[in-house]
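A.B. asks: Listed below are the residues making up each chain.
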Amino acid sequence: MLLNINVNVHFQIRAAPCRNVVLYGLEATGKSSISKALLGQLSPADETTSDSEDQLRHAIINSTECVSGRHLLEKTVAEVANIVGWQGKIGRCENLAQLVVELGKMLDRWTTLDDHDTGGKRLALVFDGIDRQREAPPTLLPALARLGEIIPNITVIYIVTSPRPNFLHLPGVPHIHFPAYTKPELLQIISLTEPTPQLPTGKHDTKEVWSRFSTAVYESLSKHSDRDIISFRRVCSRLWPRFIQPILDGSLSPTPFSRLLVANRSLFQNDAVLVPSIISSLPTPSTKSNIQTQIQSQAQTQGLTAQLPHTSRLLLLAAYLASFNPPRTDIIHFMKSATLRRKKKGGGTALTSKTPGVSKNRKISRKLLGPQAFVVERMLAIFHYLREDASVPRKQEGRRRDGMERREDVIGSADLYMAIATLSSLRLLVKLGAANAGDALDGSSRYRVAVGWDVVRSLGRSVGVEVEDYLAD
Amino acid sequence: MSDNAEANSHAGFDSIDHQPAYIYTPDTSTDDAPERPTKRRRVTKPKQPGIQTHGKPSLLRFEPLLGGLESEESARWRQETFQKCWGFGRLAKQEQSILDESNEDTLAEVSSFVNSSRENWGDERLPACFIVTGPNIASQDLLFRQVSVRLKSDIDGPVVILRSGDAANLKAILKKLIRDATNQRSDDDDMLAELNDRKLLYYDLEILRSFVTAHGSQRVVVAIQDSEGFETNLLVELIILLRSWMDRIPFVLLFGIATSVELFRERLPRSASRSLYGAQVDVEQTNSIIERVFQKAVASSKAYLRLGPALVSMLVERQHHHIPSVQSFIAALKYAYMSHFYGNPLSFLGNTSSNSLEYIGQLQPCHYEAIRMLPSFRRSVVERIEVRDINGARELLEDDAILAQNIKTELHSKDGKILCLLRALHILESATTDGPGGIDLYLTVFGGALKDSDFFRRLLDSLERMTPEDLISLTEKIRAAIKHGNSAMDLDGWAEADQEFLQDIKLIETKVKTLTATAVEKGVPIRSSESIHSKGLRTTVIAQRVQLSYQKSTISEAEKEYQGLVGRLLELFEEYFTLENPQHLFLNEVWLCNSTTPFADVFVPRPRAAIEHALSSPQEYLSGIDQNLPPTQPETAILYQKYLEAPSLINVADLWSSFLETVAGGEAEESDERGPLMQFYRGMADLNLLGMVKQSKKKADHLAKVSWKGL
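Those protein sequence lines, which keep their order, are chains A and B.
Sequential numbering of the first sequence, starting at 0, is according to numbering that gives the first Met the number 0.
Sequential numbering of the second sequence, starting at 0, is according to numbering that gives the first Met the number 0.
If we strip away everything but chain B, and leave its shape as in the complex, we get (with noise of 0.2 Å):
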């Protein structure tokens, strides 16, 4: 839509209007002669049927793959398969509930705080609440809209937010600050701004007092939203000023602050920080946001889509390297969707729930030949030949029904294989709290690699270290993680299907729980089997001389059981964990988007490498350019390469010879100057646009030199 507003603010140009000359014809109609020309700007057709007709629909069409080969219904299912799973705002209503949710502290602090403050802190001192919200600016919006919404909500007065791009000086801020303030409840504003017949100054906050007293409001916030942008000097004449009227206008400020609330301090005078009195509201910080966004998306088991380890690292990774936000997460989850079902022809199959198990029957030739071409495809086939199933891949390779039958069976398996990786993830995640965090473990869970894993070595080491009491613990909580599951990840309970492993464990703490319960009546504590192992060393002074003598220390018959237990726990969790790797199942393709490259370009442009690359080797983007033959080179590629060979300074004169060297090659005659030096004007002009050069100031006919490459 944008783009036809584009199109259509152009409509009243005339193409000659920028011509330098055009031949005049005049008009032969002669019954209008003195129309009125229209009106340049603000053509805006309303209605263009022409387009809006066939643009909309056409605009959302998923294309058929595979060269084409693709029909268009099984491109119709993968943009339905879409649609289901990013369900028109499902996800994206879930993280919305989530950000609210998250700022839900913040807001009844804060709003307590204003409720609370006339009665506190009831001095001369402007009570003011710092929010302290982190450095991700583009969150502080939504939070203040919800702060306004809140508050009004909540007290009675008027609720001001105040932006530094809305105004550079303190008569604008006063100006605003009244307008927004008494257009809140606009019954009467030109009678607001008189008093005794006369007309007060627009930025007098006699008005506010007026309405102040005229409606009984009990607070009046003025919430500074990024207190940061403002400029100090401006701040702080606010803040003397508002004091000045504390008595006769219930004040109260709202500091958002990007950095910390010491940084603010240190920026205002005394006279100013002695004025302001308050309490620091800190906001959830992004990253736990985003670990909540994850379980609901990412690692929920109702997630159509699972993200695979490097693209999440790569997610992860940006957020930590630049700015945190939230935003920017969600948009990366739903492009990871997108593309994924708009790229990969394969990927209407994936989602199990729905009639896919119908689409499987009418799969296109073309399908199979895709299938056959995926490399976990392969991989299944190497491994049927490794158990001597010959006739078996063979017949996968050749025969689309028994691939047909194949697929259809990986795909109703898949779904539990995923249960399980989500349910170790879990029982990890609950049962220790030493270890990573949860998208690290869901990283290294979906990477294949947890066996291997520096933590789950540790958490199986630390195991045959534990006291019994530790040890009936560590078993309790995980006996729990599975019979209540986790609401965040959409887990239910798995008592039932978990059993075995379930009794097993049971049963071990049992047995722990009497022998230490014997133990306790005996009065010999049970050592877990690292204190027994280490050898103690023993001095005995006899005579004046130190004896040194090592000590077998003497294991008991309760101990020697509890061992036994450990090494069966060890053994069931060593089987328990030992999980397939997401990566090497079958088809993993169809529901696992795991490619990388499609994000960087899309989310980290590089608008800077790409023209100085652009412009130093032309030849990668144009065809007919040799790169050993510079006159071939646009005129602005041949100035920057001379650009780079430059000093800072550069003499434009120099430049010029050089530049009718390269261009003429050489053998330049005064006559056909006049081309290779509007060349010389065209380039120049072109790098003046880009920022590259610009007149020095120290010698008046040399450029300075701004940028350098590969910064």
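Chain A extracted, bound-state conformation (with noise of 0.2 Å):
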């Protein structure tokens, strides 16, 4: 394949020169380090060996490096009059018309240089995913497909993901797909890199333990989810310090495979190793260390509701049941008097007990609907029905008698207000609309919760209220 594209580019670039190429694909499928590795072959590193008439040089402009559109621009710029050598002054480029009148003056100066130059001198120019420029101008891309005509002697090439149909506005533009690797070709490329640590039986034993693995770890895990090399490479080398534990042990020896196999059969069956983990379980890890980082996750969840203090807590599930409610079923669950009908689990009954035509309007249940924005007065009223049937922490009932906070003391406090902005700083309740649009503790600004179902099931165990008996459906 590598072959293929070879000739292909080699062919576009030279044989009949080409002036724009797209080459597209998905990601991980070698489209920038091929192109790049081709084009540093085909340009040779310095001029005087070089013996053909024609010379190439190109440039990469990498987009994710670029901030904006203007960034960009200048940036190619740098690049090509690094490239050719220019040694003038370069001036500003601001947009896209001074960005065709300076490489057409460097490029015009470099062709001129030798006086036998027969023309030959190309320029390669690569935008690598050029689709996902920041701020970058509408007429960007059409603009630089018609380089090329305005500019003899240059090749843009387009590094993109996925190209619309005539994104350039220019037909007939060559296009080179780069298909996703198959199973063969993603385990041959594995095979290639070593692993680390090597076994301590030789370097053989190792190749070929690793493909066996490697092949076992896609067959198992990568084939599902994460099919890219990047990826495959990625859980490969997490698991396999793992895998080849009992081997360093001296409890099991490299062959037969099988029985590492079966000895390790919960590394593939745990699709955790998936999700990309930003902690790493520094490089020497056990047979345990999956567990632990399992407890050590669970720990960190319970960690944020120990750290909380308890009105933020409240607050957090006052702002939970305000967001997924619907307010008009504050009456049924937040009533003095409702206190009887609440036990009967919800409000659902008021719903339900009707005419079951009357809920064909709204199927869909609240929970999958994501949660809803709400005003602070109305989380401030749940929080202070919510205080009254927290328990205490077990921990303060001893003081309780002489140090409890009164009802009195706790409405309209500044403390409540503090924990409010702090929930909302810490982005555990988003503010909605304009950031700076009115104060943050307005009674009108409205807020939605930020934390899933499980965090505040668990916050609502820790200061004792069933938050299930609060939901409305």
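You may find that some hints are simply not true.
Now the in silico label distances, taken between C-beta atoms and shown as ranges [said to hold, decoys possible]: (1) ARG269/B - SER364/A: 51 to 57 Å; (2) GLU78/A - SER270/B: 23 to 29 Å; (3) ARG447/A - LEU233/B: 18 to 24 Å; (4) PHE267/A - HIS319/B: 43 to 49 Å; (5) GLY709/B - LEU25/A: 30 to 36 Å; (6) ALA167/B - THR200/A: 56 to 62 Å; (7) LEU25/A - ALA107/B: 24 to 30 Å; (8) GLY39/A - ALA107/B: 32 to 38 Å; (9) HIS319/B - SER257/A: 54 to 60 Å; (10) ALA330/B - ASN81/A: 58 to 64 Å; (11) ASN580/B - VAL274/A: 57 to 63 Å.
Computed cross-link-like contacts, DMTMM-like style, restricted to lysine to aspartate or glutamate with a CA-CA straight-line distance of at most 25 Å [as the list claims (entries may be wrong)]: (12) LYS696/B - GLU134/A; (13) LYS174/B - GLU78/A; (14) LYS120/A - GLU207/A; (15) LYS170/B - ASP468/A; (16) LYS693/B - ASP329/A.
If you are wondering where the hints come from, they were derived from the structure by calculation, not from laboratory data.
For every residue, glycine included, the Cβ atom is placed at its ideal position computed from N, Cα and C.
Using the hints, build the complex out of the two chains.
C.D. replies: Below you can see the structure in the form of structure tokens.
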């Protein structure tokens, strides 16, 4: 395939000079690396050794590094100037017109540098990931496509993921597709990487086990989810140290592989490795580390509930209820007189007890619709109700008789508003509307809760509130 | 000083600036007619000698109390004692050092992570250190400043701290990042901004790259202080951008995380979380820091002022219910000191270490009067009468000299009594593992409720059930505690002072040891009384019938002796931990600060409740208002009360007619509508200003009700 593309690109650039080439394909299919390697091969490292008449130079501009459209243009000019050995002053490059002028000047100078030049000099300009460019001017792509019409000797190569039809607004641009790797290709590429750590028994064994191991990983995990080469390699290298742990311990030997596989079968059943973790479990993993990370993650969610002070927890619960309950059911859940009805499990009764036709209007469960906006006042009202329902933390019970906060101490207190402000700056509550519109604590400002059901349920348990009792439907 | 600045900043304003109309008086002096008007702002007058000379010292003086009867001198004593106790930041310094120490581990961890980041994770991912700080955002600032100082000395390379408030978009963040990084060694930033004679864009990381290569920096640390505060998109773009530069600039990221790493990861899309890799560092939790500050400042044997249980439990409760913060705890402590010495006329007596005994000789009559009003004085008189010491009680009440003598002895003995309490506290804390923590134990001990507390009962019960080995380890722990004291509480060992107790315990310990030794020899273990008393239930199967029979276990001689020893130990404990309630001691008001009333108002203001209360019942604030006669009330209050009765959408016309009815009392005529209308406008403007109403979008002539009372 590499050869195929090689010929293709070679043909496109050299044989019949082509102005635009589009390389497209999914992520991690080798578009950038192949074009880089190929162009590096085609363009000689230094000019003196090149015997052929035609010289090819290339410049690669990576769009992820360019913060704005102008940045891209400036960078292009700088790169090209660097490539062609431009000595003079480079003007500013604020828009596409200036880019054309600057490039034209440079290339003109470059091609006429040698007297015996036959016009074989070409420049390949590679825009990597140009479809993801930030703040790109709308005319960027069509203008770049017409670059070749104005400046001779230039070939622009676009590397994109999935081009829209006719996205260059220019007919007849050759497209080269990079298909996703098939299974044998993936395994072949993977087998080329050297795993660390190596097996003690030697290089050959390592290679053998690695290739069989990677097949097993592909079949069990990557086949269904992470099929591109990068994440496949990541999963393999993450599992490898744990997989060969029995060999390093000396409890198992590399041959027969099947016994090794059986001993490690839990590794292939757990799909937690597919989620890229941002915490490393240092490069000395043990067989238990998988379980440890699970325990850790559990401890982390518990940590949040343990860290938040009492009032903030209740506020978060109130915010969740305000987000997920429709306002009209508040009377059912939170009226003083409605305690008995609430115990009958939710306000669903109020809806479903009526004619069944009523519910036809809204069949989607409230939970699935995501959190709705609410005003601060509503959350506060629910908070005060929950506060009476919540149990006093066990640790405090001894002090309750003298130090207990009374209800009237909390109403309208500055601490309460501080807790709301803190929650919203922790992004556990999200303020809606423009960031600076109105005061954050204004009664009419609208919020939405940003924590999920799991967190809320454990929060509720920690303060002795069963959140299900208050949730409609 | 800030007051002065505030006053000065208005000096440039003319009083007629905001008057709608005024009489023009032409300037008669013609010599400098076209003089330029003075600038409005920035009219700082650096020196105002009049204010500064007499302002400062007078501000800091304590006022004479007891209705002005207290002499200036004793007020000065109080002030001096306060300054000695709070020690011009002596305590504050201690607390700062505790804070610094607490972050020390974190700093070391972060620093070692940054140093090792290159070697360990040499792949294309960004090394990132997640510092979990806990939900107290206020502490992040201090921590990150410390981190930056530490890293600057430890590593070779720039350290940049980014905050969410600093920048709203990617360009601004990059600008700040580049500027801060390059400014840290600013020799030639102009040169850096240019490459091959080209001026680079201000957000081009090329600048940073050339800086890094020019200085040979090993790492560029980018610390994102409040990662929650950043918009997710922004954070993702930044991460991806920095990652694409990883091959040229050695970035290391630090994230301050207030919630949890898991939540943070859930916020990031896969593309970003794939490019991060790193370690988590936990910061010591605020609660444990507070515990340490508490030991140092409140439970220390050197603390001058004791905080009473009610006050301490209120402070701790507040920490628990609301945001826990060391800074606010320290502020509360300082406030306790300040208010005690400022408001308590007898407070200067508490400091026995200095010359307060001299003070006793110079007590004024009003001081004696005040002492006789104290509850603790009354209690001591009642005690005397109960033991039929009528004369003694009478003398206390009538003779100032005898009272002074009593005060002297009492103050002498109080230090010893407090020391007893603290020692008991320390023994209990170090000898038991399942008991309540330091602060809770302090509360029970200083509440005088130790002997009746569940904890102490449980301790004694468990003593009865202990095996000899456990008992020995317990007594050993107690002896060690007595011998070594507690450095955190400034408590030296007191082996000499408690000879008797120590010897008794030692005796029991050796006896138990010999008992166990002989028991081991014989091969018969010594059982504790618990297992002895429980009757054994014996089942025997005879001819397919089950027979149940109770069996009383027999007690061996050694076990009997062991039980006797345990009983002796129980007695010892009961005796040793029988402590006086500090709140019952005579003159405890002098050195025990237990009043919670000022704190509630100072630290937990309730602005909203106050405004609502004032508006709904103004008669409690203003004189000359009859609650039943609404027209006498201020217009805003009238409107607010009507507002409370209204539904969530208020028709303004209805509100106005109702208002007019109330104000004019029904007999309103066309002519005098103007006055009430003006009042109405003013009231509505006030309500609007307070954020209670706003224009409704649903109906043009309606107002939307925004706030409800009592929330």
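A.B. asks: Would you mind marking each hint as holding or not holding in the structure?
C.D. replies: We went through each hint and held it up to the structure:
| no. | hint | in the structure |
| --- | --- | --- |
| 1 | ARG269/B - SER364/A: 51 to 57 Å | 27 Å, violated |
| 2 | GLU78/A - SER270/B: 23 to 29 Å | 25 Å, holds |
| 3 | ARG447/A - LEU233/B: 18 to 24 Å | 19 Å, holds |
| 4 | PHE267/A - HIS319/B: 43 to 49 Å | 46 Å, holds |
| 5 | GLY709/B - LEU25/A: 30 to 36 Å | 59 Å, violated |
| 6 | ALA167/B - THR200/A: 56 to 62 Å | 58 Å, holds |
| 7 | LEU25/A - ALA107/B: 24 to 30 Å | 45 Å, violated |
| 8 | GLY39/A - ALA107/B: 32 to 38 Å | 45 Å, violated |
| 9 | HIS319/B - SER257/A: 54 to 60 Å | 57 Å, holds |
| 10 | ALA330/B - ASN81/A: 58 to 64 Å | 59 Å, holds |
| 11 | ASN580/B - VAL274/A: 57 to 63 Å | 58 Å, holds |
| 12 | LYS696/B - GLU134/A | 36 Å, violated |
| 13 | LYS174/B - GLU78/A | 22 Å, holds |
| 14 | LYS120/A - GLU207/A | 48 Å, violated |
| 15 | LYS170/B - ASP468/A | 48 Å, violated |
| 16 | LYS693/B - ASP329/A | 24 Å, holds |
Hint violations for this structure: numbers 1, 5, 7, 8, 12, 14 and 15, all remaining hints satisfied.
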